[in-house]
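Since the structure of chain A is provided, determine the placement of chain B on it from the hints.
Protein sequence lines correspond, in order, to chains A and B. Residue numbers for the first sequence follow my numbering, so the first one is 2 and each next one is one higher. Residue numbers for the second sequence follow my numbering, so the first one is 70 and each next one is one higher.
Everything labelled a hint here was simulated from the structure, so no lab data went into it. A few of these clues could be false.
To be verified - Over the 12 angstroms line for every Cβ pair with chain A, so calculated as not near, a few chain B residues:
{"id": "1", "residue": "Arg74"}
{"id": "2", "residue": "Val77"}
{"id": "3", "residue": "Lys78"}
{"id": "4", "residue": "Ile79"}
{"id": "5", "residue": "Ser89"}
{"id": "6", "residue": "Thr90"}
{"id": "7", "residue": "Tyr92"}
{"id": "8", "residue": "Leu95"}
{"id": "9", "residue": "Thr97"}
{"id": "10", "residue": "Ile101"}
{"id": "11", "residue": "Ile102"}
{"id": "12", "residue": "Met105"}
{"id": "13", "residue": "Phe106"}
Unchecked claim - Quick look at which bits of chain B chain A covers, simulated, 3 or more residues with Cβ under 8 angstroms:
{"id": "14", "stretch": "109 to 119"}
{"id": "15", "stretch": "128 to 137"}
Where is the CB? At the ideal position from N, CA and C, for every residue including glycine.
What follows is the residue order along each chain.
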Amino acid sequence: MSFAIYWATIALLFWLVLDKFIDMPFVNAKHGSRCWFVIGSMQFQPSEFFKFAYIVALAWHLRYRSNYRNLTSLIPPFILTLFPMFLIYLEPDLGTVMLMMPVLLSMLFIAGAKVKHLLVIILLAAMAFPVLWLGMEDYQRMRVSSVLLQNKIDGGPSWLRTKVEKHPALASLLGVNPERLRNWDIGAGYQLSRSKLAIASGGFAGQGYRTGPFIKYKFLPDRHNDFIFALVCHQWGFAGAVLLLCLYAMLIACSIEIAASSFDTFGSYIAAGFAVLFSIQILINISMTIGLIPITGLTLPFISYGGSSIMTNIMSIGLINSIGRSR
Amino acid sequence: MQILRLFVKIHRRRRFLLLSTDYWLLATKSVIITAMFDIFEFFKGRHLTTRLILLACTAGLVAIGVMMIYASGNPAKPLEKTMPLRRRGIPRLYYNKFIQL
Numbered sequence: 002m003s004f005a006i007y008w009a010t011i012a013l014l015f016w017l018v019l020d021k022f023i024d025m026p027f028v029n030a031k032h033g034s035r036c037w038f039v040i041g042s043m044q045f046q047p048s049e050f051f052k053f054a055y056i057v058a059l060a061w062h063l064r065y066r067s068n069y070r071n072l073t074s075l076i077p078p079f080i081l082t083l084f085p086m087f088l089i090y091l092e093p094d095l096g097t098v099m100l101m102m103p104v105l106l107s108m109l110f111i112a113g114a115k116v117k118h119l120l121v122i123i124l125l126a127a128m129a130f131p132v133l134w135l136g137m138e139d140y141q142r143m144r145v146s147s148v149l150l151q152n153k154i155d156g157g158p159s160w161l162r163t164k165v166e167k168h169p170a171l172a173s174l175l176g177v178n179p180e181r182l183r184n185w186d187i188g189a190g191y192q193l194s195r196s197k198l199a200i201a202s203g204g205f206a207g208q209g210y211r212t213g214p215f216i217k218y219k220f221l222p223d224r225h226n227d228f229i230f231a232l233v234c235h236q237w238g239f240a241g242a243v244l245l246l247c248l249y250a251m252l253i254a255c256s257i258e259i260a261a262s263s264f265d266t267f268g269s270y271i272a273a274g275f276a277v278l279f280s281i282q283i284l285i286n287i288s289m290t291i292g293l294i295p296i297t298g299l300t301l302p303f304i305s306y307g308g309s310s311i312m313t314n315i316m317s318i319g320l321i322n323s324i325g326r327s328r
Numbered sequence: 070m071q072i073l074r075l076f077v078k079i080h081r082r083r084r085f086l087l088l089s090t091d092y093w094l095l096a097t098k099s100v101i102i103t104a105m106f107d108i109f110e111f112f113k114g115r116h117l118t119t120r121l122i123l124l125a126c127t128a129g130l131v132a133i134g135v136m137m138i139y140a141s142g143n144p145a146k147p148l149e150k151t152m153p154l155r156r157r158g159i160p161r162l163y164y165n166k167f168i169q170l
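In isolation and in its complexed conformation, chain A is listed as follows (with noise of 0.2 angstroms):
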């Protein structure tokens, strides 16, 4: 049954690729992802079921395969998961590329794996980087350079970003247009500027519900989805998010609660990667709001518009409740 729902996912993230080169009914495209499926007046996004069915599969793995000691048994674990992420990399969804990865560790981590083995994993991956830079679209590696070219909290620009209008050779380097370099915060640096001033201006109570120049104007790109954060930074300041932080710690524990507890140790395993999935997506999420790390299309679970997301999480939740309650 787990792998059958994960094949099932799978299929339907085919579908979505090949729309890459012929033309796929029930396929919408937008912004140059192909990320959703379309029947009706209905939508929903693949890869979002795609993350529930992974971690049950690789659950279902992972318990009935009894050694991890060694290189060659972490393999199949590995085409369980770069397979999947290379479709979901041809939609593109980069978000959701980037949640696996540190999922199939921490899972690994659990199942016994070595740590030597994982950290040397690892090293590969930071090793491959260069190449897959080269791969990325203009896009891409501008949202990427983005992060190091911010604007510093004067308003100024940072030091690495003078440096880059000083040498156009670093700018190709780094893939930066140095004509959208220039109009920072109205080309590349749109999103986070915004996302930034809209976290800054809430301070430690917040503008107050449904009011805020952001909220009124909406000065904010994609603040009901990616960026909600932002939002309730903005309305409930720095209070809003510890309480949001906090309620995010209670799940988070009580899912590592259970995991810890459950005498099944598949129940275990799904559990802890669940619990590792939503501290992944979460950190991810606010990370980019605040501008640390490149800008990805990854909602914030539970509170970021969008269906498929909220189902799945929802999901996942009963999912770890059921093992809560199993002998």
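Just chain B now, with coordinates in the frame of chain A:
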């Protein structure tokens, strides 16, 4: 659970009932009633406190999400008054007023 078992029993013995309206009414009722009674199963089993906290956190987060999405308005409908303000660089003025000073 009993009603669902009863329904399955009837279904096995009287398959010709498939065209009857009562048959489908019983099917719907049995599924709904079973689901309703399954909710009470939540209070049985291990980790009750942990599960209650987990559900409360989820409910809290979903509630915050609904409030935030409601506050953000309809993303497909930009306000008419927003565009002139954007052209005049209001976010920059706002930044200067609230962050720098």
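Going through the hints against the structure:
no. : hint       : in the structure
1   : Arg74      : 21 angstroms, holds
2   : Val77      : 21 angstroms, holds
3   : Lys78      : 26 angstroms, holds
4   : Ile79      : 28 angstroms, holds
5   : Ser89      : 30 angstroms, holds
6   : Thr90      : 27 angstroms, holds
7   : Tyr92      : 29 angstroms, holds
8   : Leu95      : 27 angstroms, holds
9   : Thr97      : 22 angstroms, holds
10  : Ile101     : 18 angstroms, holds
11  : Ile102     : 20 angstroms, holds
12  : Met105     : 16 angstroms, holds
13  : Phe106     : 15 angstroms, holds
14  : 109 to 119 : holds (count 7)
15  : 128 to 137 : holds (count 7)
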